[in-house]
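Chain order of the listed sequences is A and B. If you're matching positions, the first sequence starts at 0 in numbering that gives the first Met the number 0 and goes up one per residue. If you're matching positions, the second sequence starts at 0 in numbering that gives the first Met the number 0 and goes up one per residue.
There's no promise every hint is true.
Stated by the list, open to error - Restricting the straight-line Cα-Cα distance to at most 35 Å, the calculated cross-link-like pairs of lysine-lysine (DSBU-like) are:
{"hint": "1", "chain 1": "A", "residue 1": "Lys663", "chain 2": "B", "residue 2": "Lys41"}
{"hint": "2", "chain 1": "A", "residue 1": "Lys663", "chain 2": "B", "residue 2": "Lys57"}
{"hint": "3", "chain 1": "B", "residue 1": "Lys75", "chain 2": "A", "residue 2": "Lys663"}
{"hint": "4", "chain 1": "A", "residue 1": "Lys358", "chain 2": "A", "residue 2": "Lys410"}
{"hint": "5", "chain 1": "A", "residue 1": "Lys381", "chain 2": "A", "residue 2": "Lys483"}
{"hint": "6", "chain 1": "A", "residue 1": "Lys391", "chain 2": "A", "residue 2": "Lys105"}
{"hint": "7", "chain 1": "B", "residue 1": "Lys41", "chain 2": "B", "residue 2": "Lys136"}
{"hint": "8", "chain 1": "A", "residue 1": "Lys544", "chain 2": "A", "residue 2": "Lys479"}
{"hint": "9", "chain 1": "B", "residue 1": "Lys41", "chain 2": "A", "residue 2": "Lys358"}
{"hint": "10", "chain 1": "A", "residue 1": "Lys381", "chain 2": "A", "residue 2": "Lys544"}
{"hint": "11", "chain 1": "A", "residue 1": "Lys448", "chain 2": "A", "residue 2": "Lys396"}
{"hint": "12", "chain 1": "A", "residue 1": "Lys410", "chain 2": "A", "residue 2": "Lys448"}
Hint data in this document are derived by calculation from the structure and do not stem from the laboratory.
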Amino acid sequence: MQVDLNRFRAAFFIEADEHLQHMEAALLQLESASGDTELLNTIFRAAHTIKGGSTTFGIDEVGKFTHVLENLLERLRDGELTANSELVELLLSSVDVIYGLVSNAKDNTPLPENLHEVFLQLQRVNGKEPAVGQAASALDEQSAAITSGSRNFRVKLLPSRTFFHFGQDPLLLLRELSELGTVLRIHVDDSQLPSLAEMDPEACYLSWVVDLQTANDEQSLHEVFMFLDSDSKYEVEEIVVEGNEPNDEGTAELAIAVTGDACNNDPTISTIGLGSNAESAQTPPIPAEPKPKNEAATLRSTGAQTTAGEMETVRVDRQRLDDLINQIGELVIGASMVEQEVNGITGGRSLESLATLGKVVRDLQEMSLGLRMVPIAATFQKMNRVLRDIAKKVNKKIDFITEGDDTELDKTVVDQISDPLIHMVRNAADHGIETPQERIAAGKSEVGKVRLCAFQQGGNVYVELHDDGRGLNRKRIYEKAVEKGLIAPDAILSDAEICSLIFQAGFSTAKEVTDISGRGVGMDVVRRNVEALQGSVSIRSEEGKGSVLTVRLPLTLAILDGLLIRLSDEVFVIPLLTVVESICVPPREIKTIVGFGEVIQLRGEVVPLLRLHHLLDTSKNDAFPDQNLVVIVEDQGRRLALKVDELLGQQQVVIKNLETNFRKVPGVAGATILGDGRVALILDVYGVSTLASNDQKTISLATSSTSRGAI
Amino acid sequence: MTATFQREATAEATGDEVHQFLTFALGDQEFGIEILRVQEIKNFTRITPIPNMPSCIKGVMNLRGTVVPIVDLRIKFAMETSDYNQFTVIIVVNVGTRIMGLIVDAVSDVLNVEPTEIESAPDLGSIDTSFISGLAKSADRLVTLLNIEQLLGEQAGVATA
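Produce the complete structure using the sequences and hints provided.
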């Protein structure tokens, strides 16, 4: 039992996190659309679910805090308060506090510092009459008038058979109901009770009808049933007092009819109870378990619209998913091994059954990889908050726009792109966008614009961050680079080269270090993080007009389109994305440039030639020194010619990380297992070129020392 | 089979005191690794070399879908190298969370050692013996017990950060 509870506890933490994210997202939207009831409902629902969950698991701090928050939200929803930016600010910090409290309960992290401050603020707003104006207080009076007169309700509780399996207790619900007002009558329907011999002692066969007189509004009755399981039903119906005394038999009949049908999600059942009040249709009355699936189902049955983001989902442990994908990867390898062997037996004649198998396996693999894909929206959402906070801190006015939120990326990539993006967004807000005064002086609109967009192109996803700020100051970057010794004082650099200097380690041109950015660890960390994801980052900038940072990311980290090549006895994989073309170069077209190495001329362009045999140390002897088959690859705008022995073909390979059991190897991005079961290394083109330049350096050092010796 | 029973019996009698080691040969020397570290023993298979690595790292092999680095212990211990033959095996060991393979000449048996039979590694002055956890003497054998973490830690990339 203990174990079970812990598992639910873990699930609660995951869900709390998600609800908090939803709350945050809705709050940020609320800032611009203060009257949106749907948004308010989303926030309220999230807060309520967190409250319920935390109370269940005995995390009282969260429960207490959310309770106060909920009161405030309720008043917002009822129109007593207006969501001005101050209030949204307070609500956002409340979300942060809940994050803190939840992580305190989960990992024993210290309690959030501003807990008491925010709590007091919430209470203050709650306690005090709304300062919004006459209209609100008039509304207040009106609603008070309604609630002061007590109303009669008929509440039906129709538990599912499996009611007790969810740890629920009808007594508790009934008791809670009785606390809300005076119980006029209570009727239990035992007609479903089977004979003792047939009875399942763990099943619930009873249902109840309670007539209640209460001063509370209908919503509070709905709240009693907030955590009912999805198969159980309840109804709340207002009874008009005059002479409309409930008819015993009729009630019983209705109850029977419904309990008999309780497992079906029959919409009519819900409408019996809910039709009486139009408002209640907007707030889902039965968010049983805080699972999106149930929520969506409930919303549908009450006739309210589901929001686009809500889909039926199943939560799966990531490790299990990865294991599945790995196994399917092995299946692909296994299938191609079979194919090769069969081809060997049949002498190359392909079998139809085998072709079918191959297709199914490939489809299966594609599908399995799709399982890991998630939209980037959540990460973008985070950026919204980051930008907003910074803009506040540095007193700038910034509009934030996101595009392509639904672009899908591998879950790992989405998770790991967050940090670099935060850096980028911070930089844009802190350095990129000018202060309002500066902007007006420059003849721009006072409000800066930051646009984050994602789109897919080929096998890559691009994330671009546009800002219309001051752009890069070439002169300062150049001076700074010279000062830091990153470039020679007389170096002549192209515009693009100057811009890319900001990605160098230890480079920051901010005049002073703020706590937001300017510690000189910004952009090079971005670059390194992105490169760790097998992506790249670049910048375009126009002085005075703004900059565009482009991050290129692979769609997935699990699989790669590769060009298989042979070097001596070994097979290597070159990522196909980097391959431009492959050509045969006559020996006479290979020229040696002293102190640089060998180059070839490719349609007028001089391209460095790298002899992979030397760099990768496979065997120092080039097997075919005269046959110059080269693969032209491009990396970050630089072209390289790689000399190989043979092109073996193109193949999708499953990437195996070398670091899992070993360590990072320069020039190697990973390994893969080929159809024949042998391991092939995947080349990291960027790393290979670095290897080469290190090689060149040692060569040029050697030559310079010998030449000095000669003199 | 009887031998195994006896071994288990002694292990039970003295609790967890008895340590079991898998012994293997490199040239005319015998070495032992704690048996709990050993995942499996494989025949020598094809190894894909990794460029620009110390010579003792022969490369990586495919262990049912996992890419496992292989260390040649003869080279690691600066012993005379010999050609791999039908007795050459790869001992797959767990080092922390990592899996690595060790190429050895041949595996011998499982050795039960009482703690009292283990002598600490001799102090050889300037020579680093931290990867030797002790020497076990049994009958006429002298087995060098290896500390896998110390021995392979650097290969496993612990020190590369």
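Hint check results:
1. The hinted pair formed by Lys663/A and Lys41/B meets the criterion: a straight-line CA distance of about 25 Å does not exceed 35 Å.
2. A C-alpha spacing of about 16 Å is found between Lys663/A and Lys57/B, which places the hinted pair at or below 35 Å, so the restraint holds.
3. Of the supplied pair hints, the one linking Lys75/B and Lys663/A holds, its CA atoms being roughly 20 Å apart against a limit of 35 Å.
4. Only pairs whose Cα atoms come within 35 Å are accepted, and Lys358/A paired with Lys410/A is accepted, the gap being roughly 26 Å.
5. Only pairs whose Cα atoms come within 35 Å are accepted, and Lys381/A paired with Lys483/A is accepted, the gap being roughly 34 Å.
6. A threshold of 35 Å between alpha carbons decides the hint, and for Lys391/A with Lys105/A the separation of about 31 Å falls inside it, so the pair holds.
7. Of the supplied pair hints, the one linking Lys41/B and Lys136/B holds, its CA atoms being roughly 27 Å apart against a limit of 35 Å.
8. Using a Cα cut-off of 35 Å, the hinted pair Lys544/A and Lys479/A holds, with the two alpha carbons roughly 22 Å apart.
9. Proximity of Lys41/B to Lys358/A is assessed by CA-CA distance (about 33 Å); at most 35 Å being required, the pair is judged to hold.
10. Only pairs whose Cα atoms come within 35 Å are accepted, and Lys381/A paired with Lys544/A is accepted, the gap being roughly 26 Å.
11. At roughly 9 Å between alpha-carbon atoms, Lys448/A and Lys396/A fall within 35 Å of each other, so this suggested pair holds.
12. For the proposed pair Lys410/A and Lys448/A, the alpha carbon gap of about 29 Å is at most 35 Å, so the pair holds.
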